[in-house]
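Visitor: So the sequence lines, in the order shown, correspond to chains A and B. Taking the working numbering, the leading residue of the first sequence gets 1, the next gets one more, and so forth. Taking the working numbering, the leading residue of the second sequence gets 183, the next gets one more, and so forth.
Since the hints were derived computationally from the structure, they do not count as laboratory data. Please read all numbers here as calculations on a predicted model, not as lab measurements. Incorrect hints may have been included.
Subject to a maximum C-alpha distance of 20 Å in a straight line, what follows is the list of computed SDA-like cross-link-like pairs (lysine to any residue) [what the hints assert, rightly or not]: (1) Lys-772/B with Glu-742/B; (2) Lys-146/A with Leu-181/A; (3) Lys-128/A with His-906/B; (4) Lys-772/B with Leu-479/B; (5) Lys-704/B with Leu-181/A; (6) Lys-178/A with Asp-359/B; (7) Lys-128/A with Gly-663/B; (8) Lys-128/A with Glu-742/B; (9) Lys-128/A with Glu-907/B; (10) Lys-882/B with Gly-845/B; (11) Lys-314/B with Ala-110/A; (12) Lys-458/B with Arg-470/B.
Each chain, written out:
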Amino acid sequence: MIKSILHVVHGFYTQLRSLVMIFGHAFRKRDTLQYPEEPVYLPPRYRGRIVLTRDPDGEERCVACNLCAAACPVGCISLQKAETEDGRWYPEFFRINFSRCIFCGLCEEACPTTAIQLTPDFELAEYKRQDLVYEKEDLLIAGTGKNPDYNFYRVSGLAIAGKPKGAAQNEAEPVNVKGLLP
Amino acid sequence: MATIHVDGKQYEVDGADNLLQACLSLGLDVPYFCWHPALGSVGACRQCAVKQYSDENDTRGRLVMSCMTPATDNSWISIDDEEAKAFRASVIEWLMINHPHDCPVCEEGGHCHLQDMTVMTGHNQRRYRFSKRTHVNQDLGPFIAHEMNRCIACYRCVRYYKDYAGGTDLGVFGAHDEVYFGRVEDGVLESEFSGNLTEVCPTGVFTDKTHSERYNRKWDMQFAPSICHGCSAGCNISPGERYGEIRRIENRFNGSVNHYFLCDRGRFGYGYVNRKDRPQRPLLQRSRLSMGIDAALDQAAGLLNRQRILGIGSPRASLESNFALRELVGAEDFYSGMAREELANVNAIRELIQHGPLPTASIRDIENHDAVFVLGEDLTQTAARIALALRQSARGKATEIAEAAGIQSWHQAAVQNIAQGALNPVFIASVDSTRLDDIAAEAVRAAPADLARLGFAVAHAIDPSAPAVDGLEADARELAGRIAEALLAARRPLLVSGASLGSRSLIDAAANIAQALKNRGKDASISMVVPEANSMGLSIMLADEPGDRSVEAALDAVVEGRYDALVILENDLYRRADSQLVDAALAAAKVVIVVDHQQTPTADKAHLLLPASSFAEGDGTLVSLEGRAQRFFQVFEPGYYNPDVLIREGWRWLHALRHTLLGKPVDWTSLDQVTAACAAVHPRLAGITEAAPDASFRIKGQKLARAPHRYSGRTAMRANISVHEPRQPQDPDSPFAFSMEGYSGAGQDRQQIPFAWSPGWNSPQAWNKFQDEVGGHLRAGDPGVRLLDGARMDVDWAQPPAAFAPAAGTWQVVPLYHLFGSEENSARAEPIQQRMPQPYVALAEAEAQRLGVTDGAMLALSLGDRQLQLPARISSELPLGVIGLPVGLPGIPPLTAASVATGIKEATR
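Same shape as in the complex, but just chain A (with noise of 0.2 Å):
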């Protein structure tokens, strides 16, 4: 008898336990946030939109090497090489399929000179996935981003106009070959 009373008392308990609990979130910080009025907090290695950065000196920083679309998963990559008058090589186009991309940010760490960069913005939506289709116009933005003095053609052997051979960082003068010095 006197188990079945305590068993409704305690019943009765943790159902007003529960009211309260309930309300009391009425009185609590907020968790969710109000997007799109409020913007969302992204840490800045988050992996998001994709994009592609510019050297130091504002030249384009991909060398259309081909490395980021070997590492794609998804194969969303795909570009292709050209070449400046004084030897520097360049995407002729640069295209990523976002509707396909899974943001896993393998194709960044595959970038030798810090080209491609996923950046913390998810806001890609669209209404029709053609439009999920990114050129170099839409990739390409005017800043470093991440390494912001890191300019490949300052390591790089290759020759472009405002550095010959030998001018490159650790490099010797180039050898005169007819020298007869031993």
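Given chain A's structure and the hints, the job is docking chain B onto it.
Guide: Chain B in isolation, oriented as in the chain A frame:
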């Protein structure tokens, strides 16, 4: 055979090899740089170190360079030994000290032997922090890019270019760590085989400049096993495609034909496939109305209905396409598309190599001959790969001398040293100087008739029962004696001749020499050059047809009104016959339908033009000059990138047209059906079904992949057209898949290999993994079947022609060939055009003096009723009484052996 013990395991190997060859042949990975299967060992790079032990009880051992150590019986070695591994890691670290930080912007990246070996050796961190040595590059012409910083000083380039290919303008300069591989000054690399540097160089010093324009990585291309259409040699190639364009051509190893090397026409002459002016849709020329396939077939059937149709085939089209045309028009009305003289000569050559007294040497086998007589052929220009093989037969003397002194043939530096430049005898008889003269024991120039007389005299000198040549000059008779003596003294003499001069008596002379060598019991061979990629195949196809099947006969028949309609397959008639005759025939025909892949002058005059596939978009079979039937496979499907492109194989068009005319559905839906039908109708071609595995061939139930498994961008490459990806194109014609799905490794034996790749081996050195022994033959057998090894019969002696005696005031016109320019298709490729000579007329120095003209002066001359104006090129070698015209260059009419020029004088401006 020898038994060697590698890391405790026992193997049977060829004791004549070195340890590196032996290990690679066994499939064991030993890193190496300076060694190359075709170039031998010099021990320059120290990368292939292994540990050798005196016997099974020796535990200390010593490091040896495996490429310099013979695989003697009971050798005990270790590849996995810690000290050997550390040594190899140090070597690659040293080699990489000066290597620039270039891989992302290097055309070699992705198929780089240095990358492969660096990964194999485990060097993954550069510890060197000091300054790197640099070099200034050179401009080496339109084919080869130069980036000397990347050099690791393995010396392969000069060993290939100078020693193997006989080039003189690439050398090594400087000393110690500053050696420089290049020319004395900037300039075009002269060798016709310079393109092989891109594959011989293990790093990115020499790369393909034609590819760099539209570059992409090897892993991003679709490949297919293909056959070069540049000449009749039948070299195996591996063309790569990306975004609907052929991007580069790499060598495809065929141990019986081209093994590791191609000529520059074959490697760099692919640009015609990518031309924007190619026919891409069926076109009614008059109204410029382009249409779809069904409309085009209805249109064509309407035009051809109840007409008497004549078909002109082509020696540059596949057997299947020619056969489909023959089916369309009927055997009686099918013509070869070759000029009368050329067809007769090719037929004579076919008869000679099929039933003549001597077997035909394969190109690889040419290298094993030890005395060569080249009669009337400028091989470097007409069948360049044979010229490279002849160099090896001349160099065979060095190996012979070395072997007599107990030096193994792979010991390249020692072999060369002991031989001191000794060469096997090569005799060259030609109309003008050739690029093989530097290896010739003797080279002689004469007019074609006199060359033939020399040939007949050689035959007589070998076997006196052969007819003698009356009235031969004493020096020619002596030369013939010396040639005969050298051929008789040789173990395996070789005779090379061909149809390039258009002279029948030269072929007769070759037959006489062959018979004479046979009569003297020599183990001799013959090699006869024919003009085009499928000249031999077409000749076999027409072998049993009566009547004259030449292009002249066809055109005459049209002009005479015996036919109403003309169907022309992949043939520019203006390159074959007199332009007036062609004009007359095209005007006389009520209907002209051209099926071609180039916008030729003939195609311009077609009423209906149907876009055919080039070698890159279609499959087919070619027969090379040795009678080897080889299949080429479609590289890519152009409609995948642009559905408006309606390019189809010639045989698909012609068969569909025939069945539209007959009101039946098409029968041939795949290549195998056409090939089988062709083989069934032509018993002489029965072997072509065996030339390659049929479309049902599978490995482990899989198709074979056209693209490497890292092929990238599949969901993006076409996304600009539509984000909705279509199904990959299907290929009913071959066992290959248009993608990376399918088998692509080296573990299973197969003949048809689209691209060389094996795990860890991305560079062309991956061919090691497909061979029975490195540098030998493919494990599954070399591709292709030889059709012309018929019963050997004696030939009747031919009689020598009269001596060359031009009528006063006339000059015989001899054709001069150019590797860059004389072949129709490659001459449409932009890089080749940069190397093409300007049209000229060549004449002998004495003639020029007599006429009072200087080099470069504009000359006027009459050729039949055509007037030509060309700049003079004075040759110190050309015989008197002849002038030379460059074949196939713009403004040069088709030439025959009877072409005579008159009225040569300096043009008044």
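Visitor: Each hint: holds or not?
Guide: The hints, checked one at a time:
1. Lys-772/B with Glu-742/B: holds, 13 Å
2. Lys-146/A with Leu-181/A: violated, 46 Å
3. Lys-128/A with His-906/B: holds, 11 Å
4. Lys-772/B with Leu-479/B: holds, 18 Å
5. Lys-704/B with Leu-181/A: This hinted pair is violated, its Cα atoms lying about 57 Å apart.
6. Lys-178/A with Asp-359/B: holds, 14 Å
7. Lys-128/A with Gly-663/B: Status violated; Cα separation ~84 Å.
8. Lys-128/A with Glu-742/B: violated, 64 Å
9. Lys-128/A with Glu-907/B: holds, 15 Å
10. Lys-882/B with Gly-845/B: violated, 41 Å
11. Lys-314/B with Ala-110/A: violated, 25 Å
12. Lys-458/B with Arg-470/B: Within the cut-off at roughly 17 Å; holds.
Of the hints listed earlier, those the structure fails to meet are numbers 2, 5, 7, 8, 10 and 11, in rising order.
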